[in-house]
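Number of protein chains: 2
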Amino acid sequence: MTEDLKANSIKKTSPGGTPASPVDQSMVVADKFPLKLSSGEHLDNISIAYRTWGKLNSEKNNAILVCHALTGDQHVLGPHPQTGRPGWWELMLGPGKVLDTERYYIICPNVLGGCMGTTGPGSINPATNKPYGTDFPIITIKDMVSAQSLLIEKLGIEELFCVIGGSMGGMQVLQWSADFPEKVFSAIPIAAAARHSAQNIAFHEVGRQAIMADPEWHNGRFIEKEVSPERGLAVARMAAHITYLSETALHKKFGRDLQDRADLSYAFDADFQVESYLRHQGESFVNRFDANSYLYITRAMDYFDLAQEYGGALAEAFRNSNARFCLVSFTSDWLYPTAESKEIVRALNTVAANVSFVEIESDKGHDAFLLDEPDLFHILSGFLNGAARHKGLEQNV
Amino acid sequence: MTEDLKANSIKKTSPGGTPASPVDQSMVVADKFPLKLSSGEHLDNISIAYRTWGKLNSEKNNAILVCHALTGDQHVLGPHPQTGRPGWWELMLGPGKVLDTERYYIICPNVLGGCMGTTGPGSINPATNKPYGTDFPIITIKDMVSAQSLLIEKLGIEELFCVIGGSMGGMQVLQWSADFPEKVFSAIPIAAAARHSAQNIAFHEVGRQAIMADPEWHNGRFIEKEVSPERGLAVARMAAHITYLSETALHKKFGRDLQDRADLSYAFDADFQVESYLRHQGESFVNRFDANSYLYITRAMDYFDLAQEYGGALAEAFRNSNARFCLVSFTSDWLYPTAESKEIVRALNTVAANVSFVEIESDKGHDAFLLDEPDLFHILSGFLNGAARHKGLEQNV
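The listed protein sequences correspond, in order, to chains U and S. To convert, note that position 225 of the first sequence is 222 in my numbering; the numbers rise steadily by one, no gaps. To convert, note that position 130 of the second sequence is 127 in my numbering; the numbers rise steadily by one, no gaps.
It cannot be assumed that every hint is accurate.
To be verified - Have a look at the derived ranges for each label pair, beta carbon to beta carbon:
hint : chain 1 : residue 1 : chain 2 : residue 2 : range
1    : S       : R258      : U       : D28       : 30 to 38 Å
2    : U       : H39       : S       : D360      : 40 to 48 Å
3    : S       : F374      : U       : E221      : 55 to 63 Å
4    : S       : G81       : U       : A336      : 37 to 45 Å
5    : U       : A259      : S       : A259      : 56 to 64 Å
6    : S       : D360      : U       : E356      : 21 to 29 Å
7    : S       : G308      : U       : T245      : 22 to 30 Å
Claimed, not checked - DSS-like, lysine-lysine: derived pairs with alpha carbons at most 25 Å apart:
hint : chain 1 : residue 1 : chain 2 : residue 2
8    : U       : K249      : S       : K339
9    : U       : K339      : S       : K250
10   : S       : K339      : U       : K250
11   : U       : K339      : S       : K249
For the record, the hints were derived by calculation from the structure and aren't laboratory data. Cβ atoms here follow ideal geometry from the backbone N, Cα and C, with glycine treated the same way.
Isolated chain U (complex conformation):
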């Protein structure tokens, strides 16, 4: 393991090849033999950018893998190298927090297909010496997890104490449990589903069409043209962003309040705060995200249907798992409603898995998993403490 780590020097990467955060590490995996993707295509020398916190103990049994969501990345803690803003799960990770850096060794890789250093459509295609663009193969959640498993192996970890993630991160958690049951001691899929619904596919398709409709997309070859389909990507982000909130959250946060004005403008200005907020969401997103990565990752989510690999029987996906599961959903999440989590719980129960499930009362919508939800923190801390006892982890490692 040490050799491997040494062999792969720490690279500083980010989309467009500009230097990323100095805290980034990167590992080349699939270097011995190429990774066979779900599509049947092969990809070799995959570079995975990741960050870690805490220390791996001598038994190497205190590692927690954090799987990020669609537009997340390895910067669980900030400042984010592109935006300078806090990380996406600062509330969750740190000394004494749920992901206790004094106790666990926490790893968060950027997903395959991403744009924060891991191989993706913005990477250089060795066959052409140009960015892949849409020549990048279609990837799946399974492929993301396969690449992560190679990273974990290179890090010398045989079993992860926990795999945790929300939204698409939760999909990866489920896929990990199915594909590597012997490597997952506990699993926490939050605000997730075992398959992407028709409505969710529909919203993603709107986003993709918005990007592809932007002439600056150039059939995916915009990097070579040194442009970016920013307006299309912003529209995609705006549409998606609505689905991350709840109607109640939008109503409470904005209602019909006007932005910096006393009266309606009788124009197409952003009169309402909610318009101004959405425009800001769109505009700031394009500074940190690659439009092609957005296409590939949304596609991976649409393709996710864990039961399908098992002839439609979701329970079969978990038959070989001995993991302790903790599932969490939020009452106001309409992107991955509680019913989706319950379907997973039913499947887990069918194979007598060790599962606990909590639906948290929240009006914050899907994004609740990223926000200050004390119930979430209490529940997860309790679950991880219990799992640590079962694993025989000392209080302080």
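Use these hints to put chain S onto chain U, whose structure you have.
For chain S alone, coordinates are given in the frame of chain U:
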């Protein structure tokens, strides 16, 4: 009245100035004095395209005004002059149907700001002799209704037996009741709200940004350039269309079924039926709708907040109304959920109005008002029969 009708020759109009259906009639209103809009601007010589069915009786008390929704028009019955397809409310209008053409005189005008013959952003601006584009003034639901009231006046009708409409049509019904209480004998707002919610404003803003992001929009001057922001408009339509359905409807209709293929394509093709369906919705919409009209009409809906005119007290809007109201909502409508209708019912009750309210069990989402919902037809037929008795209308007029 007859003079007026004769004075305004029947015009055949449609967006872009091409001939529309021969069944279209059009009337110039605001020809004596300009219509003062909510914005404070004035608009004169407004042309209103409309269609009628049935006969106005000698007492002129059997007229029903049908108010169409955002992307509707006067073609309640088809074939639609642009698409050749059936009208949008064929199930509702005809001999023996709810809107019984053997009994009532039914009028449906294209809304102000529309693109099917009524004055809108695609019309010629007399000041420049070019299409208005974004020089067209911002209009409101109130302005639409004011223009309709001038049409009704010119048709010699002092009181409408009924004003009916779904979605934005329902907003017009509410505005009619508030602004012209003496002219509305009965009112049927279906799947509507007294104000547009933050979430609905958000979805509209996504659509507008998609249109404005399309370089073919040319800051609203695309007609002169003989192009059209079709891709932006299609994306707008796709995003909106999702909100018209329910998750259940999408799941039942499409689930994760694939379109014309046995396996995933591992490409950005429309693998899933829901994608193919949405793309079709977007593509077919651009053939019949003007992108600027979409901007103006969505803006009018966003601006709608009936209580605001009355210091925030919605009940005050209905204080002078003697109309019989029948409100209808649908359980799976998440665009205008039942709670919105109930708020209107509460306001009506506060001023002891004559109101009945029905929530219909349906999994079809917001679009249920356009679809085959036998409960809807039974309820509305019953209500109109009762109202006709109260009005002293003979069974056959």
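So, going through the hints one by one against the coordinates:
Evaluation of the 30 to 38 Å hint for R258/S and D28/U yields a pass: the beta carbon distance comes to about 35 Å. Here the CB-CB span from H39/U to D360/S is close to 44 Å, well matched to the stated 40 to 48 Å. Between F374/S and E221/U the CB atoms are about 58 Å apart, so this pair conforms to the stated range of 55 to 63 Å. A hinted range of 37 to 45 Å holds for the C-beta pair G81/S and A336/U, which are about 41 Å apart.
At roughly 60 Å, the beta carbons of A259/U and A259/S sit within the given window of 56 to 64 Å. Take D360/S and E356/U: their Cβ atoms lie about 23 Å apart, and the range 21 to 29 Å holds. Separation of G308/S from T245/U is about 25 Å and conforms to the stated range, judged on CB atoms against 22 to 30 Å. About 19 Å separates the Cα atoms of K249/U and K339/S, which keeps this hinted pair within 25 Å; it holds.
Distance check on the hinted pair: K339/U and K250/S sit about 22 Å apart at the alpha-carbon level, within 25 Å; holds. A hinted pair counts as satisfied when its Cα atoms are at most 25 Å apart, and K339/S with K250/U qualifies at roughly 22 Å. For the hint pairing K339/U with K249/S, the CA-to-CA distance comes to about 19 Å; that is within 25 Å, so the pair holds.
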